[in-house]
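Numbers 4 to 164, taken from our numbering, label the letters of the sequence shown in order.
No lab work stands behind these hints, which were simulated from the structure alone.
Any given hint might turn out to be false.
As the list claims (entries may be wrong) - With beta-carbon atoms standing in for the labels, derived distance ranges:
#	residue 1	residue 2	range
1	E137	N56	48 to 58 Å
2	I116	L94	27 to 37 Å
3	L124	G27	23 to 33 Å
4	D114	R76	26 to 36 Å
5	R149	S127	25 to 35 Å
6	K148	R76	32 to 42 Å
Stated by the list, open to error - As a list, the in silico SDA-like pairs of lysine to any residue whose alpha-carbon atoms are at most 25 Å apart:
#	residue 1	residue 2
7	K71	P45
8	K71	D49
9	K12	K81
10	K53	H42
Note that this is a predicted model, so its numbers are computed, not measured.
Ideal placement from N, C-alpha and C gives every residue a C-beta, glycine not left out.
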Amino acid sequence: MHTGTEKAKRHLVDAAGRISQDFGLSRIFGQVMAAIYLHEGPSSLDDIGKELNLSKAAISIATRQLDKLGVIRQVWIKGDRKTYYQTSDHLASTLQKGIMELLRNKLRMTDEILEEAKNCLKESHDTTEKKFLENQIERARKIHKRVDGLINNPLIKMVSG
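Between the sequences and the hints, there should be enough to build the whole structure, so can you do that?
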């Protein structure tokens with residue numbers, strides 16, 4: 004039988020995995036980050052693997068990515084040969100910067116996709132479908148421009164570091 008704390012922790016870890024996927028990252032990436040964050044003290048790959056019921060290889064890949072992004076950091080425990088991890092001391096600002104950069108990259112990709120679609124339409128004869136698609140692309144560009152203006156607003160940049 005699971006205790007209330009185990010259920011709460013499982014709920015948070017699962018939610019972090021879903022949120023991670025929503026941002027285009029792997030589910031395991033989010034789950035590992037949450038497991039480390041919610042663990043009192045440093046966590047080893049074995050600890051995380053046991054908690055999440057995942058392979059050591061999958062955990063290792065996720066921890067390397069998280070460490071590279073500065074979300075977690077390696078710690079050593081005297082007398083123990085294992086590598087342990089804990090969340091960064093600056094977790095909130097690191098996540099905020101990472102999310103903003105991810106959004107900016109997605110916006111750049113979206114702009115390229117819209118431009119490519121517009122160029123493809125140049126090869127098409129004038130039809131009602133072509134006019135409809137041109138209109139939809141233009142509408143998408145306007146939305147893109149508004150979102151880009153919001154994300155790249157100097158005030159937002161200042162707040163997100």
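CB of R149 to CB of S127, is that within 25 to 35 Å?
-> For R149 and S127 the Cβ distance comes to about 27 Å; the hint holds.
Assessment of proposed distance window 48 to 58 Å (beta carbons of E137, N56) | Holds - the Cβ-Cβ distance for E137 and N56, about 50 Å, lies within 48 to 58 Å.
Can the suggested window of 23 to 33 Å be confirmed for the beta-carbon pair L124 and G27?
-> For L124 and G27 the Cβ distance comes to about 27 Å; the hint holds.
Taken at face value, is the distance from the CA of P45 to the CA of K71 at most 25 Å?
-> 17 Å, holds
Does the Cβ-Cβ separation between K148 and R76 fall within 32 to 42 Å?
-> Hint holds: Cβ distance 38 Å, inside 32 to 42 Å.
Holds or violated: 27 to 37 Å for the Cβ distance of I116 and L94?
-> This hint holds: roughly 32 Å between Cβ atoms.
Could you grab the alpha-carbon distance between K71 and D49 and see if it respects the 25 Å cut-off?
-> 20 Å, holds
Take the C-beta atom of D114 and the C-beta atom of R76, compute their distance, and say whether it sits inside 26 to 36 Å.
-> 35 Å, holds
Assess, step by step, whether the Cα of K53 is no farther than 25 Å from the Cα of H42, and give holds or violated.
-> 13 Å, holds
Starting from K12, check that the Cα of K81 is at most 25 Å away, please.
-> It is violated: about 28 Å lies between the C-alpha atoms, which goes past 25 Å.
Violated hints amount to a single one, hint 9; each of the other numbered hints is respected by the structure.
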